[in-house]
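In order, the protein sequence lines correspond to chains G and H. First residue of the first sequence: 1, per the working numbering; consecutive thereafter. First residue of the second sequence: 227, per the working numbering; consecutive thereafter.
What the hints contain is simulated information worked out from the structure, not anything from laboratory work. Check before you lean on any hint, since a few could be wrong.
Covered stretches of chain G, going by a simulated chain H footprint (3 or more residues, C-beta under 8 Å) [unchecked claim]:
| hint | segment |
| --- | --- |
| 1 | 137-150 |
| 2 | 171-182 |
| 3 | 185-191 |
Some chain G residues well away from chain H (every beta-carbon gap over 12 Å; in silico) [to be verified]:
| hint | residue |
| --- | --- |
| 4 | A40 |
| 5 | L56 |
| 6 | G59 |
| 7 | A103 |
| 8 | A108 |
| 9 | A153 |
| 10 | D206 |
Cβ coordinates follow ideal geometry from the N, Cα and C atoms, glycine included.
2 protein chains.
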Amino acid sequence: MTQGVVSKGRSRCASGVATACDDSGMEPSPSRVNVGGRPAQTSAHQLAEIAQELFLAHGFERTSVADITAAAGVSRRTFFRYFASKADVLWVETPAEQERLRALLAEAPPGESCAEVLYRVVPEALRHPADQRRWALHRAELVLTVPAVQAQAVRRYADWRAVVATFAAERLGVPIGDLVPVAVGHAVLAATVASHEYWVAHPDEDLEPILERLLRLLLPRPLKPQ
Amino acid sequence: MTQGVVSKGRSRCASGVATACDDSGMEPSPSRVNVGGRPAQTSAHQLAEIAQELFLAHGFERTSVADITAAAGVSRRTFFRYFASKADVLWVETPAEQERLRALLAEAPPGESCAEVLYRVVPEALRHPADQRRWALHRAELVLTVPAVQAQAVRRYADWRAVVATFAAERLGVPIGDLVPVAVGHAVLAATVASHEYWVAHPDEDLEPILERLLRLLLPRPLKPQ
DNA sequence: GGAGGTTATGACACAGGGTGTCGTAAGTAA
DNA sequence: TTACTTACGACACCCTGTGTCATAACCTCC
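Just need the whole structure built from these sequences, with the hints factored in.
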């Protein structure tokens, strides 16, 4: 399996993109509601931003967690209270993306076929603002090349596939355990990964058209609604 | 942990599977031709076997490299001269499998369609003797669940895909960079991964039929020869 | 203004993976 | 024997990730 599902990037919260911006998804960071108790000196997003800058400047593997925490002015131990691993920094907003995919799938018109919905919605869910393109590309490259990142990616892939498979099972009216929706999930993932590979190799082109083309190539054809 | 020496059961080379069985592919082990110089005290296969026993007995993550080398009677440093990482132990014979796939694809009759060849050959390339089933299953489980193993797996996946894509490009008469053979490679890989997932979840069933079914589901349909 | 509870943090210690270096053991060929 | 070659062990590191404990800094209630 391989790489890339996602894209997205840097700071939503700090850079003006108005989204939810909660730290959901990072297991080690316990939601930080903060009623009473010492206030946090930093946040997952702030750490992630600093880390991303360093990764871009010096590379993922040549940037140690100590480098990140020194730049952020916190202790190394604190980093691991926000992120389970160094690579987790790259996935701060994956939960939001996944939620977006789930929402887009949920609101698809009932008349649209399963495949058509996916051709349209998957690229849309992975769309990112222009100012995040650079980072999205770099992250895709990391996901495709750095082993430590790939290991994390596999878990996100599984979640991604599960969202798609659940949707496919519902729309096709078959049980979730059935092989067909499972295959649909894998096909969508494969298209996503392949398109990111192509994108990294051809950074001047846009991701979305490639992704849609690959989805049309890879999505199992005999997917009749019902 | 660290019990003594682990009787060698089940070898691969020793157990009658006629494959190449050379240590090719392990970058750190420089082919060991051994003309002159101190003779090696161990081999990649011996280390791999001992490691596999320990993994089966105590789990991958609860088995440290020190445990393995203690059982093998060599130093920890020596282990890393044979394998680039602990997880690499699991892939000793992947090059042979890959070569088998390549060979099977090469000798497919010219009349058979690209898809039909793959439906037939991919399961055959992954077939393993009955006495290796337990270990193959365990390895599949590790590949699907342990992050450190997944990271390694991604690289093998890429090789696997490349073999398939190269074959598809040739048989379809399109350039290797074309998106169609790339998609075929991804589809075959997705089917392989999905079938292993299913196999791990249903260990009593056989891998091959599941794999073939998934290949038929996932392989891009409009694959006309030429 | 405490007192007590709550939360985030830092300091420290430690296991484990992985790497570089150096000296040396144990072979082969001359 | 000498010279060359290769494999190995012993250290010394750096890095990731985790557990533990003391303490800082906030809250609310008295």
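Starting from the hint list further up, note which numbers the structure goes against and sort them upward. Going through the list in order, the structure violates hint 9 alone and respects the others.
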